[in-house]
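So the chains spell out like this:
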Amino acid sequence: MKIKNLFGLLLSLVLGVFIILAMNNSEIFPAFGEANIAGRVSQDYFADANVAEVGSANIVTAIVIGYRGFDTLGEVTVLFISALGVAIIFGGKKQSRLDLQFKPNFMLRVGSRVLFGIILVTSFYIIFHGHLTPGGGFPGGAIIASAVLLLYLADDRFRSNVKGFKILEGVAGSLFVIIGLLGLVLATYFLQNFLPVGTVGDLLSAGIIPVIYVLIGLKVGSEISGIVDNFLTEEGSA
Amino acid sequence: MTLFDIISLVVGVLLLVIAFLAINAKKLINSVLFLSALSMLAVVSFVLLKAPDVAITEAVIGSGLVTALFIFTLLSVRKEETK
Chain A
0 MKIKNLFGLL LSLVLGVFII LAMNNSEIFP AFGEANIAGR VSQDYFADAN
50 VAEVGSANIV TAIVIGYRGF DTLGEVTVLF ISALGVAIIF GGKKQSRLDL
100 QFKPNFMLRV GSRVLFGIIL VTSFYIIFHG HLTPGGGFPG GAIIASAVLL
150 LYLADDRFRS NVKGFKILEG VAGSLFVIIG LLGLVLATYF LQNFLPVGTV
200 GDLLSAGIIP VIYVLIGLKV GSEISGIVDN FLTEEGSA
Chain B
0 MTLFDIISLV VGVLLLVIAF LAINAKKLIN SVLFLSALSM LAVVSFVLLK
50 APDVAITEAV IGSGLVTALF IFTLLSVRKE ETK
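These protein sequence lines are chains A and B, in that order. Position 163 of the first sequence, counting from 1, maps to 162 under numbering that gives the first Met the number 0, and the rest follow consecutively. Position 15 of the second sequence, counting from 1, maps to 14 under numbering that gives the first Met the number 0, and the rest follow consecutively.
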């Protein structure tokens, strides 16, 4: 026990020295803005990529959906598999809600419904503006799931429509692949942008990037909501 | 030292302290709460590092959903133990 504590303290101190070293402008840790990022990341993004070509004002989204769209498909698949694993572990024939320790009163129930709407609007804002501002499909979907979690916590009788989530998730995932295949048919390669790019900074710009981000948002939101539902239900006595 | 440096230093030191507390907490529930606080501070440091995309994701997933799922897991385990 003593040795473990000593080891943890030593490790923390070493990490602390690293952080303090990182504050100074040294060879290993250059100051903010002075690092040569083009030397670390693939040169193509900074040398060849211009915003007008991709059409996305947020360059992170341009990389995540535009240049690395296939990797994002893999990420979404990984999340799907983990949600499936949770469903297999927790799923049973008869399921009932986890009982809350307290009885929610009227005010809490109605107030949580109002907050649910506001959180949902925020999440859709983040998803739709994924190609303009920071955020996008993954955080937006997680915000949808947190809104569902709020309803679960504030209402002891609430049970979300799990079957609807499963259908939504399947449809969104399939549409992602179908849009990718359309790029293969109408243009030259999988997930290529076949829609007009438009003006940079407009809501309807950047071709297929907003479409794919909306699909990712719906898919991630329904998947994580399904996980939340699985955690909050239990087998056995109804 | 500029204000930016001071804020970065405070956040960095607090991150270390809270990580140490999260590892060494006697109760599991305290550990989960320290983990949540760690995520919240990580959000601040991500914003300081000019990575707002990562910061938003960390704020939602790290300090929101993961904490909730950990707590529900702890509740379920406790229920099984008392049975």
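Bear in mind the hints are in silico, worked out from the structure with no lab data behind them. Do not take every clue at face value.
Straight-line distance between alpha carbons at most 27 Å, and here's what the computed DSS-like set of lysine-lysine pairs gives [stated by the list, open to error]:
#1 B:Lys25 / A:Lys3
#2 B:Lys25 / A:Lys162
#3 B:Lys25 / A:Lys102
#4 B:Lys78 / A:Lys1
#5 B:Lys78 / B:Lys26
#6 B:Lys78 / B:Lys25
#7 A:Lys3 / B:Lys26
Going through the hints against the structure:
no.	hint	verdict
1	B:Lys25 / A:Lys3	holds, 14 Å
2	B:Lys25 / A:Lys162	violated, 40 Å
3	B:Lys25 / A:Lys102	violated, 30 Å
4	B:Lys78 / A:Lys1	violated, 32 Å
5	B:Lys78 / B:Lys26	holds, 16 Å
6	B:Lys78 / B:Lys25	holds, 20 Å
7	A:Lys3 / B:Lys26	holds, 17 Å
Hints 2, 3 and 4, counting from the list given before, are not met by this structure.
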